[in-house]
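S.K.: Those protein sequence lines, which keep their order, are chains A and B. Just so you know, the first sequence maps onto residues 1 to 69 in the working numbering. Just so you know, the second sequence maps onto residues 1 to 709 in the working numbering.
Please note that a few of the clues may not be correct.
As the list claims (entries may be wrong) - Stretch-level coverage of chain B by chain A, calculated; a stretch enters the list once three of its residues show a Cβ under 8 Å from a Cβ in chain A:
| # | segment |
| --- | --- |
| 1 | 165-172 |
| 2 | 222-230 |
Unchecked claim - Derived DEER-like restraints, expressed as beta-carbon distance ranges:
| # | chain 1 | residue 1 | chain 2 | residue 2 | range |
| --- | --- | --- | --- | --- | --- |
| 3 | A | A16 | B | V331 | 29 to 35 Å |
| 4 | B | I110 | A | L8 | 34 to 40 Å |
| 5 | B | P680 | A | A16 | 39 to 45 Å |
| 6 | A | S2 | B | A95 | 38 to 44 Å |
Don't read these hints as lab results, they were simulated from the structure. Ideal placement from N, C-alpha and C gives every residue a C-beta, glycine not left out.
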Amino acid sequence: MSVIVLLLIVSISIAALFLLAFIWNVKNGQYDDETAPAIRILFDDKKPAAGSANNRSEGVTTAKKTENI
Amino acid sequence: MQVETFYYDNRIVKNFAFATLLWGAVGMLVGLLAAVQMYLPAANFGLPITTFGRIRPLHTNAVIFAFVGNGIFMGVYYSLQRLCKAPMFSKTLSAIHFWGWQLIIVSAAITLLAGYTTGKEYAELEWPIDIAITLVWVVFGVNMFGTILQRREKHLYVAIWFFIATWITVAMLHIVNSFEMPVSLFKSYSWYAGVQDALVQWWYGHNAVAFFLTTPYLGIMYYFLPKAANRPVYSYRLSIIHFWALIFIYIWAGPHHLLYTALPDWAQSLGVVFSVMLIAPSWGGMLNGLFTLRGAWDKVREDPVLKFMVVAITCYGMATFEGPLLSLKSVNAISHFSDWTIAHVHVGALGWNGFLTFSILYWLIPRLYRTPLYSIRLASTHFWIGTIGIVLYAIPMYWAGFTQAMMWKQFTEEGTLAFQFLETVTHILPLYVVRSVGGLLYVVGMFIMVYNLVKTVKAGSLLAAEEAQAAPLTDHQVVYGKEYWHKWIERRPVQMLVFSFVLVAIGGLLELIPTFLIKSNIPTIAAVKPYTPLELQGRDLYISNGCYVCHSQMIRPFRDEVARYGEYSKAGEFVYDHPFQWGSKRTGPDLARIGNKYPDSWHYNHMLEPASMSPGSVMPAYSWMLDDAIDTASTPAKIRAMQKLGVPYPEGYDRIANADLMKQAEMIRGHLAADKIKTPANREIIAMIAYLQRMGTDIKTVPATAAAR
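Extracted from the complex, chain A is given alone in its bound form (with noise of 0.2 Å):
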């Protein structure tokens, strides 16, 4: 049953990126903020016609700041 060890060579290594991925992800302040991304994504359906152009990058604007609390 070598190949045993191959599957869990090739298991833990993919484990182990997926936890360094995850201390990045905490380190760099992804997860600072777990309101503000679920709404962000929400902003950007409009087209930036010619009026609302300011509108929209107004919402973006605010959810920067939210971020930022």
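Start from chain A and add chain B according to the hints.
M.R.: What follows is chain B alone, placed relative to chain A:
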């Protein structure tokens, strides 16, 4: 800060969406044909390319890699650009990815129908296509990570993490499972043998479900569900927690496909424990999806997009509840090899993957084409027809699976088996008919959608480049405490992921595979010998005609299986099986010990017309094997490939292999002639008979040799 203007590439999203529609229709129609063939052998049309053994792999590959595959790319290419506030990294790479993937699908369809297959479920494609898949996957990866690097949004939304995990894990699974020794341009042998091959294959097979059918679709759900409901996901924190939990646990669950087989017990238990644990992160995702609709259920009543999503997520919840249940050994003893498995995967496939894809198409196409959906009514009709289709599909299959498994295990009071295998099949045929009606409804729904979307596309015009604006990211990095050298790597997530993956993969694979695997193929059962050249050719015909999709070669240590098929299977019996052929479904009986059970002439007549030997049999006829000649030109190359894989044929055996082959063929021809069947010795049927008569006989010869010779 200066706001930048850029354009999202919608054309590539549209291309993937159309491909999803096309391959979905094809894959589902092929599935419908397969469903009809289950009770109507005439629907096999007597041709190799239309026979169930080749139709079924075509169906699974088409719906998984063509329909869902293109669905994944459609969802990723649309959402990634918007989540990163950046267009795709490279339009050229997008185009290579798209056309490369379609080319792979077409070549897959052609080669599978032509009988070029590795014989490993869901990894049937031969080595040149495997390489092409790897290359296109790398192109996809570069394009995705390139986009992530150029993003204008610092936070990586949870969907992106699902996509990243998908990319890395699928790459690894595909590479490890596709290690094979080429024999010719379209023929190879799995690098691994027997138990080892089985473990690698189901480690791959299970994770293909996890990382091709689940994680990318969860990522897509996390983008499109909040968009369609126009409210944020119920708990962003839960989405993060269940993501990391899911990917850490999923990778260990593979062995639950091999419970009660010749796989070592501890490996089976490991698979069970992790499978049971999986319910937590899976239901975390399901509940998070459903709760997102809190306070929006009134919208679900009107909006077909949300209707499809609700059923999709519910089906995901049911399938992931059932999964851990099926991985319990006591349940698996009943469900495995039966239609229960088919019901289980189709709740996931039709409900979760199918309905989520439909909902996204209904949401996306009107947006890409700047026009309302042609008909909401038709979409609702599709929803109801599709839902009834799923119910009519799943319930008969659960019923059939449970009934048949119970019949298999039934003993009479005298202690003999209560039912012949064939009786258990004919008993559930009416349920197969109902299942195909369910499938038909689902396909009809699919075509209603195609019509609806074509009308929508015709009414609108494609917004090929969608303008958007965002401020660029600043390079400012927050330093937490002291700077360490590895901060440099950590700040570059992509390089870190790619480099460490490449390092680990190369190191691990190159060192381990050749040394370990070939050495451990030394048989533990002395009587087990390599296949003769004729048997090897027969085995390749068995693989090429997809016999493994209906016949298992694995007798589990249960009273009924031992009584029906013979001594339970031992790990040592499979050391020369490149690839293993244990199978996963018994539409026909197990063949692990079919050898010497019937005379050669029985097999000859059975392949010519199965119902003549087993009245009521639903097995297709393989009459062309009686006319086609064995491809003896390939024998030397096959022997040499096997030698490289550690099968102990004598040095230089490849040169005399065909002489041995003809000698054995003449012997079988003699047996047939004795039963008044006249056939030349070089026909495929002779090789097939040789293989069938060999199966499972090695360990029987131990006491018999002493007595007979």
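S.K.: Indicate, hint by hint, whether the structure satisfies it.
M.R.: The hints, checked one at a time:
1. 165-172: Answer holds; 4 residues pass the 8 Å Cβ test.
2. 222-230: Holds: 4 residues of the segment 222-230 of chain B have a Cβ under 8 Å from chain A.
3. A:A16 <-> B:V331: 29 to 35 Å: With a Cβ separation near 33 Å, A16 (chain A) and V331 (chain B) satisfy 29 to 35 Å, so the hint holds.
4. B:I110 <-> A:L8: 34 to 40 Å: holds, 37 Å
5. B:P680 <-> A:A16: 39 to 45 Å: Roughly 59 Å apart at Cβ, these two residues miss the hinted range, so it is violated.
6. A:S2 <-> B:A95: 38 to 44 Å: holds, 43 Å
Checked against the numbered hints above, the structure violates only hint 5.
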